[in-house]
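Number of protein chains: 2
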Amino acid sequence: MSKVFVNIGLSLDGYMAPEGMTMSDPGYKGWGAKWGAMMGWLLRQQYFRENLLKMGPGGETGPVNDLVRSTAERIGANIMGKRMFDQGEVAWPEEAPFHTRVYVLTHEKREPWVRPGGTTFHFVNDGPERALELARAAAGGRDVRIAGGADVIQQYLNLGAVDELEIALAPVLFGGGRRLFENLRDPGPQFRIDRVLEGPGATHLRYVRQ
Amino acid sequence: MSKVFVNIGLSLDGYMAPEGMTMSDPGYKGWGAKWGAMMGWLLRQQYFRENLLKMGPGGETGPVNDLVRSTAERIGANIMGKRMFDQGEVAWPEEAPFHTRVYVLTHEKREPWVRPGGTTFHFVNDGPERALELARAAAGGRDVRIAGGADVIQQYLNLGAVDELEIALAPVLFGGGRRLFENLRDPGPQFRIDRVLEGPGATHLRYVRQ
Numbered sequence: 000m001s002k003v004f005v006n007i008g009l010s011l012d013g014y015m016a017p018e019g020m021t022m023s024d025p026g027y028k029g030w031g032a033k034w035g036a037m038m039g040w041l042l043r044q045q046y047f048r049e050n051l052l053k054m055g056p057g058g059e060t061g062p063v064n065d066l067v068r069s070t071a072e073r074i075g076a077n078i079m080g081k082r083m084f085d086q087g088e089v090a091w092p093e094e095a096p097f098h099t100r101v102y103v104l105t106h107e108k109r110e111p112w113v114r115p116g117g118t119t120f121h122f123v124n125d126g127p128e129r130a131l132e133l134a135r136a137a138a139g140g141r142d143v144r145i146a147g148g149a150d151v152i153q154q155y156l157n158l159g160a161v162d163e164l165e166i167a168l169a170p171v172l173f174g175g176g177r178r179l180f181e182n183l184r185d186p187g188p189q190f191r192i193d194r195v196l197e198g199p200g201a202t203h204l205r206y207v208r209q
Numbered sequence: 000m001s002k003v004f005v006n007i008g009l010s011l012d013g014y015m016a017p018e019g020m021t022m023s024d025p026g027y028k029g030w031g032a033k034w035g036a037m038m039g040w041l042l043r044q045q046y047f048r049e050n051l052l053k054m055g056p057g058g059e060t061g062p063v064n065d066l067v068r069s070t071a072e073r074i075g076a077n078i079m080g081k082r083m084f085d086q087g088e089v090a091w092p093e094e095a096p097f098h099t100r101v102y103v104l105t106h107e108k109r110e111p112w113v114r115p116g117g118t119t120f121h122f123v124n125d126g127p128e129r130a131l132e133l134a135r136a137a138a139g140g141r142d143v144r145i146a147g148g149a150d151v152i153q154q155y156l157n158l159g160a161v162d163e164l165e166i167a168l169a170p171v172l173f174g175g176g177r178r179l180f181e182n183l184r185d186p187g188p189q190f191r192i193d194r195v196l197e198g199p200g201a202t203h204l205r206y207v208r209q
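Protein chains in written order, with numbering that gives the first Met the number 0: chain U, 0 to 209; chain L, 0 to 209.
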């Protein structure tokens, strides 16, 4: 069966996004520079540049690039929250960078939104468990990625539905923003260390549920 | 000159201590089990068992054990907060596990407290910068460890005084407790990844200030 996984960048102080992050103003509270410092490692990878940024040839190759490719290739469907969708709706290129069905958790009723390149956004009004059912069915043999934001990842952690937690921990301190680990039930899910990959810009930690 | 470093265990969700941690009741909110899950890797190391727990021979050897030994041997003086001292005062054995001078940040005036085995606690009423001066002078050629708790580490991070940040990140979720990274100034100090050592029970991350 499809695995359910999270794969995100995280600041050393535990934030997925710096305070004030809003697509309409990259200078606000310096969030653009902070986010860039956290995710710079990704923006330099060949696979990401060629296939997702569509910047043409170039970029770093090696184990981190291989990891980015294998992560992208395993995703059969995505799930995201409404806030993440709203920010992306204005920021993504016309060919949105998912190339799968994307299930958006929302109270808003809306027809599916088909983008060129294989991404279709489906708006789910029946909660995270229903979105996961739909995503599993759509994923075929591949895996379901909980794309974010933090609140959506927390919901799936609290449902005990996250099989694998992949974190690219960057050596930056945001000092504020949206924390990944908050609002978790106690006791929460139990993970073990599965793999650590060292990169110069981030440490790629992979945890598997016990 | 002496380096100033932090070396702590941290839960994956960013806590140095689980909620309810109080020496008088290890069962309270299950804090004892949580703390044990976070620090179990350390309690298994030969150096820690023989030299700090005084449990006699035995325990794991290898790179993690070597790391524990080299960390212990580089410490010329410790700094800690009053809360950490208060908890330790009732919990440490008579031979307190520091074997250096320990500078305790407090408003309380108190004469130095000499313990067998080379640990002397000095109570500093003049703030963290004065405690650091005293600790540097006492450390000789060795380094100064900011032992904790979280609030004291935050104070030294905010002073820009932490040269090295060593974190043993354990794959456990506490769901609440005392966060390491809170109340940080923005912009905060900048670190780079210096070393990653994989262990089965924790990932040993070392960051150096840029």
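You may find that some hints are simply not true.
To be verified - Facing chain U, a subset of chain L residues (Cβ under 10 angstroms, in silico): (1) Lys2; (2) Gly35; (3) Ala36; (4) Met38; (5) Gly57; (6) Arg100; (7) Thr105; (8) Phe122; (9) Asp125; (10) Ala136; (11) Leu183; (12) Asp185; (13) Asp193.
If you are wondering where the hints come from, they were derived from the structure by calculation, not from laboratory data. Heads up, the beta-carbon is just placed ideally off N, CA and C, and yes, glycines get one too.
Agreement of hint L:Asp193 with chain U interface, Cβ distance less than 10 angstroms: holds (9 angstroms)
Was the hint right that L:Asp125 lines chain U, CB cutoff 10 angstroms? Cβ of L:Asp125 sits 27 angstroms from chain U, so the hint is violated.
Using the nearest Cβ pair, does L:Gly35 come within less than 10 angstroms of chain U? Because about 14 angstroms separates L:Gly35 from the closest Cβ in chain U, which is outside the 10 angstroms limit, the hint is violated.
Would the hint on L:Asp185 stand, with a C-beta cut-off of 10 angstroms toward chain U? For L:Asp185, the interface hint holds, since the closest Cβ of chain U sits about 4 angstroms away, which is under 10 angstroms.
With chain U as the partner, please determine if L:Phe122 meets the hint condition of a C-beta pair closer than 10 angstroms. Violated: closest Cβ of chain U sits about 30 angstroms from L:Phe122, beyond 10 angstroms.
At a threshold of 10 angstroms, is the proposed contact between L:Met38 and chain U supported by beta-carbon distances? violated (15 angstroms)
Given hint L:Thr105 near chain U, where the shortest CB pair must fall under 10 angstroms: At 27 angstroms from the nearest chain U Cβ, L:Thr105 fails the 10 angstroms test, so the hint is violated.
Does the CB of L:Lys2 sit less than 10 angstroms away from some CB of chain U? Because about 17 angstroms separates L:Lys2 from the closest Cβ in chain U, which is outside the 10 angstroms limit, the hint is violated.
Under the criterion of a CB-CB separation shorter than 10 angstroms, is L:Leu183 in contact with chain U as hinted? OK, holds: L:Leu183 within 10 angstroms of chain U, min 4 angstroms.
Evaluation of the interface hint that places L:Gly57 against chain U, nearest CB under 10 angstroms: violated (24 angstroms)
Supplied contact hint for L:Arg100, tested at 10 angstroms Cβ to chain U: Status violated, d = 30 angstroms.
So, L:Ala36 near chain U? Judge it on the closest CB pair being under 10 angstroms. holds (9 angstroms)
Checked against the numbered hints given earlier, the structure breaks hints 1, 2, 4, 5, 6, 7, 8, 9 and 10 and satisfies all the rest.
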